[in-house]
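So the protein sequences, as listed, match chains A and B. Under the numbering used here, think of the first position of the first sequence as 1, with each following residue one higher. Under the numbering used here, think of the first position of the second sequence as 1, with each following residue one higher.
Hints were generated in silico from the structure; no laboratory data involved.
Here are some of the chain B residues that sit facing chain A, going by a computed Cβ distance under 10 Å:
#1 Ile95
#2 Arg99
#3 Met103
#4 Pro110
#5 Pro112
#6 Tyr121
#7 Asn178
#8 Leu184
Calculated from the model, a selection of chain B residues having no Cβ within reach of chain A, i.e. all distances over 10 Å:
#9 Arg15
#10 Gly29
#11 Gly54
#12 Val128
#13 Leu133
#14 Glu135
#15 Glu139
#16 Asp149
#17 Lys208
#18 Met220
#19 Leu235
#20 Thr243
#21 Asn250
#22 Pro251
#23 Ile260
Keep in mind the model is a prediction, meaning the values are calculated, not measured. From the three backbone atoms N, C-alpha and C, an ideal C-beta is built for every residue, glycine too.
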Amino acid sequence: MSSTPTTSTTARGEPWVWLTSLGLIVGLVMVAGLLSLVVSEGLRVFWPETVAVTELKEGRAIIGPMVQRRIRPGSPASAPVYERQYQVGMREVNGQAYQWFDESRVVKESFPAEVMGLERMENGPAFVRPVRLTNSAGKVYQATEAAFATELQNEVSRAAGIREKIASLTKNEIGDLNSQMEKSRIDLRRAEDQHLPVEPIKARLEQLNQAYAGLHDQAENLQKQAGLAKLEVLDAAKNAHVIPLFQIVRAWSPNQLSFGERLGIFFSRIGEFITAEPREANTEGGVMPAIFGTLAMTVFMSLLVTPFGVIAAVYLREYAQQGFLLRFVRICVNNLAGVPSIVFGVFGLGFFVYVLGGTIDQLFFADQLKYNNHSPVFGTGGLVWCSLTLALMTLPVVIVATEEALGSVPRGMREASLATGASKWQTIRYVILPAAAPGILTGVILAMARGAGEVAPLMLVGVVKLAPTLPIDATAPFLHLDRKFMHLGFHEYDLGFQSPDSDAARPMVFATTLLLIILVVCLNIGAIYIRNRLRARYKSASF
Amino acid sequence: MTRLKVRPSTERGGRKDYISIKNFGFWYGSKKALESISLDIPERQVVAFIGPSGCGKSTLLRNLNRMNDLVDNIRHEGDIQIDSRSIYDPGLEVISLRRRVGMVFQKSNPFPKSIFENVVYALRVVGVRDRALLEEVCETSLRKAALWDEVKDRLHDSALGLSGGQMQRLCIARAIANRPEILLMDEPCSALDPIATGKIEELIHELKEQFTIVIVTHSMQQAARVSDRTAFFYLGKQVEYDTTEKIFMNPSQPQTEAYISGRFG
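Full structure from sequences and hints, please.
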C-alpha cells in the first residue's frame with residue numbers, strides 16, 4: 001500500500017506518527033532529566049570529597065570542600081566575576097556552614113593530607129587539622145603518631161556505642177517510665193478530684209520517680225564516661241578547639257582516602273541516612289522515622305481505601321438503578337478527584353480530627369481530657385486521620401478503576417455463574433471480583449502512588465517536623481494510630497523551606513527526594529508484582 | 001442436599017409435556033421478539049430449535065431458565081411451565097429454577113479457576129464443604145461430559161489451559177454437576193472444529209438418557225443428527241414443530257422446506 005505513489009505523506013499518517021513520538025520523547029527527556037538531577041545530587045551528599053585549604057588575600061584561610069562555582073549575580077557579562085561556595089563547616093566559629101567567596105580573593109589552594117573531616121552531633125561538620133587525641137583511658141596520642149588514626153577510629157566507635165546505649169535507655173526504659181508516670185499523675189488528679197485515697201498513688205509515683213532518677217544517673221554516668229576522651233584540633237584560623245569524642249559521629253581524612261575507602265564511607269553514610277534518626281533540625285543524620293511514617297501511612301491508607309472503593313464501585317456498577325441519579329453520583333465522584341488536596345486536608349482537620357476525634361475523646365478518653373490539661377488523644381492530628389484523609393482523597397481513583405474492571409469482566413462469565421444457580425451476590429463474590437482483581441489493584445497502585453507523594457493535606461492532620469517515636473513500637477497497644485508521625489514528603493518541604501540553614505539542608509532535600517522516589521517505586525513494584533500474579537491466574541479465556 | 005439425589009430412572013420419553021410453552025410472546029423494549037409460541041417438549045428427549053439469525057430461537061431458549069431477566073426493559077405474555085409449574089410463579093425462586101435448568105453457552109465460558117473448581121462451582125455456591133462429595137461429583141460430571149480421561153491428571157490446573165472443545169465439555173460438566181433436569185444448549189458447537197463437534201454430539205446422545213435437552217443450532221445437519229424433535233422459527237414465529245424426521249423429510253410448511261433445503265437463512 002505505502003508504495004502507491006498517489007498516497008500522500010499526510011494520508012499515510014506519518015506526521016502524526018512523528019508528532020506522537022515527539023510527545024513521548026519530550027516526556028521521557030523530562031523524566032530522565034529530573035531523575036538524573038535527583039540521583040546525582042542525592043548521591044553526591046554521601047560522597048566524601050577532597051577538602052581544600054584555601055588561602056584568601058586578606059590573610060584569612062578556610063578549610064572545606066568547594067561546593068559550586070558561579071558567575072556572581074549582577075556582574076557584567078563582558079567581565080564576569082566568578083565566586084565559589086565552600087562548605088566551611090564549624091558553625092560555632094564560622095556562623096554559616098556554607099559561604100561564598102570571590103574567586104579573585106583566592107591566593108593559594110592546597111590539599112594537605114593531615115586535614116580531617118568530622119561529623120558531629122552538634123554544630124554540623126567540621127574540617128580541621130588534628131593536634132592530639134586523649135583516649136578514654138587518658139592516654140595521649142599526637143596527630144603525627146602512627147597509632148593516632150586507628151585509636152581515633154576506635155574511640156569514635158566506642159562513643160557511638162555509648163550513644164546507642166543512652167538512646168535505647170532513654171527511648172525504651174525512660175520512655176516506658178514516662179508513660180507510667182503520666183498515667184499515675186492522671187490517676188492522682190482523678191483521685192484528688194473524687195476524694196479517693198491518694199496515698200498509694202503518691203507512693204507509686206515516688207517509686208517511679210526514683211526509678212527515673214536511677215536511670216537518669218545511669219545515662220549521665222555513661223555520658224561522663226564517654227566525656228573523658230577528647231580531640232584537640234586547630235581550625236582554619238589556627239585557633240585551638242577541644243571536641244569531646246562523644247560529639248563525633250564520624251571522622252575521616254578526606255585527602256588520604258583511597259577509592260575503596262571513599263566507597264566505604266559513601267555506603268556507611270547511606271546506611272546511616274536510611275536507618276538513623278534526624279539530628280540538627282533534620283539537616284543531618286537519617287530519615288528513618290520519615291520512611292517508616294510514610295510506609296505506615298501509605299499501607300494503612302491502602303487498607304482503608306480499597307474496601308471502601310471496591311464496595312462503592314460494586315454497588316454503583318452491579319446493584320444501583322442505572323439512571324440520572326447514578327450518572328450524577330458518578331460525576332461527583334470523578335470531580336472529587338479534581339479537588340485540590342489541601343481542601344481534603346482542611347476537611348480532614350475539620351471533620352475527622354475535630355468532630356470524629358473530638359467525639360472519640362469525649363466518649364473514651366474523658367478522664368484523660370479532664371485530668372491531663374485537656375490534652376487530646378484522638379482529637380488532634382495523627383496517623384489514622386492522615387490515612388483517612390488520603391483514603392478519601394484517593395477514593396475516586398479506586399472507584400473508577402474498580403468500575404472499569406467490573407465492567408470488563410466478560411459477560412459470559414457472569415452468565416455462566418448465574419446459569420448454574422448462583423445468586424447475584426455469589427456471582428460477584430466468586431467470579432466477578434476475582435476476575436476484576438488485577439484491574440482493582442491497578443487502581444490501588446495509582447492511589448498508593450498518589451497518596452505516598454501527597455504532602456499538603458498531611459500538614460493539617462498529623463504530620464510533624466520531628467516525631468522520633470514511631471507509630472508502631474513495642475509499647476502496648478503496639479499500633480499507635482493517634483500518634484503524630486514524620487513523612488518524607490513533608491520532611492522535604494521542611495528541609496527546603498523551613499530550615500534555618502537552607503544551604504546545609506539542600507543536599508538532604510535531594511537525598512530525601514531520591515529516597516521518596518525509590519520508596520514509591522518499590523511500593524508500585526510490589527503492587528504490580530501482585531497484580532501480575534493475579535493476572536496470570538485470572539487471565540481471561542482466549543475466546 | 002436433596003437436590004443431589006439421583007433421579008429415579010424412568011422409561012425414556014416420560015411426560016410428553018415436560019416443558020410446556022403456552023402462547024408465549026416476548027418483547028425487548030418495544031421490539032417484539034417472539035409471538036405466540038406454543039410447544040411441548042417431552043421429558044428426556046432432545047429438541048432442536050432452528051431458524052435464521054434473529055428468529056428468536058435463542059431468546060426462547062434463554063427464557064426457559066429466565067436468563068433474559070438480566071436484560072433491562074423486557075416483557076412477556078403467555079406462560080412457560082416446567083413439570084406443570086409456571087416458571088414465572090412468584091413463589092418460585094429464579095435461583096432454584098436455574099439449578100433445575102442448566103445451560104451451556106455458545107462461547108465456552110470457564111471461570112478463571114482450576115478445572116476442579118469449575119466443575120464443582122454450583123456446589124460451592126450452595127456451601128458444600130465435604131471434600132469427598134465434591135471430588136465424587138467432579139469425577140461423575142467429568143465422566144458424563146466425556147472429559148475425565150483427558151483431565152484427570154490435571155484437575156487442579158487452570159481451566160483456561162484446555163482446548164476449545166475441552167472447554168466446552170468442561171462447561172457441560174459444570175452445567176450437569178448439580179444434576180439439573182433440563183439442559184439448555186445455545187449453539188454449543190459453533191466455535192468448535194468438526195472433531196470436537198462430533199464429541200459433543202455423541203455426548204448429547206448419552207446425556208439424553210438422563211436430561212431433557214433443548215439445543216439451539218445453526219447447523220441443520222447437527223439438528224438432524226442429535227435431535228428427536230425440531231422446531232423451526234422464522235421472524236419470531238413458530239413455523240413448524242414436529243419430529244425431526246418429519247421436519248427434514250417431509251415438512252408441511254413451504255418456509256420450512258425452503259430453509260432446510262438452503263434457499264434462505
